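Peer 1: Listed below are the residues making up each chain.
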Amino acid sequence: MNKPLDEVATVSRVEIEDFLFREADLLDNWRLDEWLTLLTDDAAYYVPPNDKPDADHRFTLFTIADDIVRLRERVIRLKDPNCHAEYPPSRTRRLITNVRITGVDGDTIAIAANFAVYRYRRGELAREFVGHYRHKLRRVGGVLKIAERRAILDAHELGAMGAVSFIL
Amino acid sequence: MNDQYTGPGGHNGRPLVRESRENLSFSVNREVFVSREIFEREQRAVFDRCWIYTGHASELRNPGDYKTRSIAGRPVIFCRGGDGQVRCMINSCRHRGAIVCREREGNARNFYCMYHGWTYNTDGTLRGVPGEDSYPPSFNKSGMGLAHVPRLASYKDFYFASFDRDAVDLETYLAGAKAYIDLVVDQSPSCRMEIISGVQEYHIKANWKLLVENSVDDYHLVATHATWLNYMRNSGVNMSPPKGSGLLLPTKGLGKDLGNGHLTTDNPNYRGRPVARWISVYGEEAKADIGAIKAELVARLGEARAARIADTNRNLAIFPNLVINDGSSVTVRNFTPVAPDLMHVTAWALGPVEETEAQRARRLYAFLTFYGPGGFATPDDVAALESAQQGYASWREVPWNDLSRGMGKNDEQTDTDEEHLRVFWRRWNELMEARA
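Chains as they are written, first to last, in this note's numbering: chain U, 657 to 824; chain V, 3 to 438.
Hints are computed from structural coordinates only; laboratory data are not their basis.
Owing to the predicted nature of the structure, the values given are computational and were not obtained by experimental measurement.
There's no promise every hint is true.
[Claimed, not checked] Using 27 Å as the maximum straight-line C-alpha spacing, the simulated BS3-like pairs for lysine-lysine come out as follows:
| hint | chain 1 | residue 1 | chain 2 | residue 2 |
| --- | --- | --- | --- | --- |
| 1 | V | K158 | V | K296 |
| 2 | U | K708 | V | K207 |
| 3 | V | K207 | U | K735 |
So that you can see chain V by itself, here it is in the shape it has in the complex (with noise of 0.2 Å):
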């Protein structure tokens, strides 16, 4: 299946991603799903070099409380120490290697290794060592605390790691992505969004970057989620453009870049929201509910700022591998490469602290109606994605993806156009490129 490369960013001297202004021609190479030498690559030179999402601050609520991930293929605890501080150490114990908090999640007091004994305090020092006489007096036990990733910071409490210690500071990074993530936090009346409990975590058996693309193109949702936009009809929603529009779906959404390699859709919402858009499948009963949950959001923000939050839908890529779904529900989705041809999704669902059970219980009943392994929409996007990766074993034959659509129009992008996917391209490309 690999080739030789010759050019840091192409093969044989050609490139992997190819655009063309004047002949408004925007095209991908297949290889960049398929190639096990680009897959080792990107690691280097876009995971290593990028600001990869780590955890929400609400998952750590107490001092002690810990997560086990990976983040960028390694293993890290992501943990509030006793000091209140949050930390994402490496899960590598620093005598022999052996990971040393195998639970998922909890409460803990140290981590202690199983292999020799060693342990260590919750900010990563290192605590005891079984025998420690033994050790030479060059031992330096103060420095053989568990590593810390390089660099980890926070955006209203979506915490974010790096394994480049030169890397632009978050908000630098973040760029445009910020203020879409102030609409989806700006929904909680104390700006405090949570972690809903429940996690989905799932393999799809494609590259990773089909992902971003599918996350953000809204071009597939007629024929990919036919059975959703039915299911939706058959609640009384209306689905359908408007006569004449030229649209695909009920309403013209945007696609935007926003700095960096991030994008989102920016759409004006016709398939309902938890805050604050009463749809016919939430209920009658639902309707003062979110009636004032909207009179909430108006009395803190105003009515524009309101309108903005509740009445649009944006799917938000946040460069490379986060995507925030702010639609039908929120949710946070992160997945992570582990071969050309596979990755691991884990997705969770985000809400208002404040929310009662009954808010709370219609969320997470909205979120399912799309979303999920389980889900109407989702299980369709994971075999449209396996379908493709499944065709790119023809990479030789057919080497290039298009993705022109919406090129030349002179007015603004739309969702169901793909100027959005290309700002993610470029910006891969680039990074693949810069990495000589």
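Looking at chain U on its own, in the form it has when it is part of the complex (with noise of 0.2 Å):
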């Protein structure tokens, strides 16, 4: 489905940068239905195991393969006091580094990014989450959106990163 780089008209690297610090910005932030506005109707998020990386969802137990139903029912539960894995919030901040167009095929664009994100809770060291973005946008009324939002991550196994509570 990729196509080479130079029918690649319609998008900039800069303009998928400048789209994913803002998609950043808004998750450090905790501004989730806002977000949510980044997301196609149809968008999926998935986070796959760190054993079996490369794997599809639909054979294989991932540590999360949201629709877009289960995904919007994700951000009220963040958004719940009740949500004790995540209350109070975690402070997050996310570097994202090495953003490439990996493809275009109609109007869906493959994108790549490695990400560190770390996470602090109070009374605790920082737990690190260090991989990679493999995401397809789409644009929808010349807008760009997620339609896929797959972050890889690099460890063997999750570790003392312990749980994937906040939107990776």
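Please assemble the complex out of the two chains, which come individually in their own frames, going by the hints.
Peer 2: If you want it as structure tokens, here you go:
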């Protein structure tokens, strides 16, 4: 499905970077309802298991495999003070680098980026989530949106990261 | 943190687990969650004596398939040899101790020690020693194979190892837990369940015994999992207890003693089951398919047994550190104590080998709705356990946990009572006191 990059006429890396940086800002500031508006109505969010980072969620147990219905419910949960794993909310800071456009197929733009997310909770050492994103973006009415969001962790196991209780 | 102990099971002659049937009280000293000495003692008294879950036959489909993991603190290779036989061998070279298999999993014709190049067959026998002619005549190559765990046995494809040569046989050990494993295995038309690919491995900064309690404690559901209950309600599932029932949850479940420290909840289902009870979360299009799965159960096992399997949830704790949750999906969850305040958890999904792609996808979707480090419930369990562990820093001032809920009731013990938790503690205490 990936076409040569010289056909990428409608999007620039700078535009993708601006988009990802804006998304990171919304997530780090827990502006989750606004974050949802960055997603298409059929968006999916995946965190593959650490031992099978390339697997398909239909056949393999993932850490997270949300369709848009469950993703919206996840945001409802994250905003609820009864979401004990994230109450008080963690402070997170995400650094996003090595942004690339890896292919364009019709209105879908495949992108890759590296991330380091630091998560801080009171009385705890920082937990570091390092990996890479593989997203599919789509223009909806001229506006870039996320159709598929895949956060792939580098560590061999979740281990001391514990839970992925925030949006990675 | 560590004080001196006088008695084998207690501190200065005082017990760690205290029960009074007259006063209807049951309490556990919080020191059992923080003491390094108790931690070391339970490694010997509990983990070196019991049958410890090792793996599932479905993880080793072909000769040469192996998994490396840690069992009761020992590095092992869980392997199907070239001869088809399943073994569990100590993953340490007989020469100088290095790990001979350093990969997580794979298929091997032999295991090669990278330190000096000794090579072992998949049945553990020593195959090659570089420069063998320099060894003295007394060097007995045939006696230098990889060590095997002293005991390895399986029940319905679940393999367990024991480091106690004198342990009772596995089926005797499992006691009443066998019938509850059967309720899981019978979900497959051929009685063959499989571990689904993708493993969840994560740490909880809490004592391992807290996860035993948490896995079977339905009293915590309403407070700890308020957001999950809310999600289910939003999805059209009725999560309210019947009016005037006095229940905390929609149905009245039971907590059961299965012998030898094993225990289970046994609850009429209200939260859906891939095999086989439809709820709205699965979508209308799944209704007919789940009906067909139920019909297969009925045809094969009869109405009563089919209903027993399809319409009940069971969180089964096999002493000491295996939990099989047969609820919104089936999870096999194993946890290893690393320090008094740290455990490593390994969790898998289990499903019938016959499942279609759609059924498997539905099972995995249902799994992640509740379970696992990205689920809607497990992260809050982790938060609760870590919170309790933090509270135990005050164990000297506030020494006792209360587990008396349900004591003195004349009728059966429910899933939101604590009798089944007491079953675990009585067995734990018995083993700790038996070790002089």
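Peer 1: Each hint: holds or not?
Peer 2: Hint check:
1. K158/V / K296/V: Given that 27 Å is the threshold and the Cα spacing comes to 22 Å, the pair holds.
2. K708/U / K207/V: holds (25 Å)
3. K207/V / K735/U: holds (25 Å)
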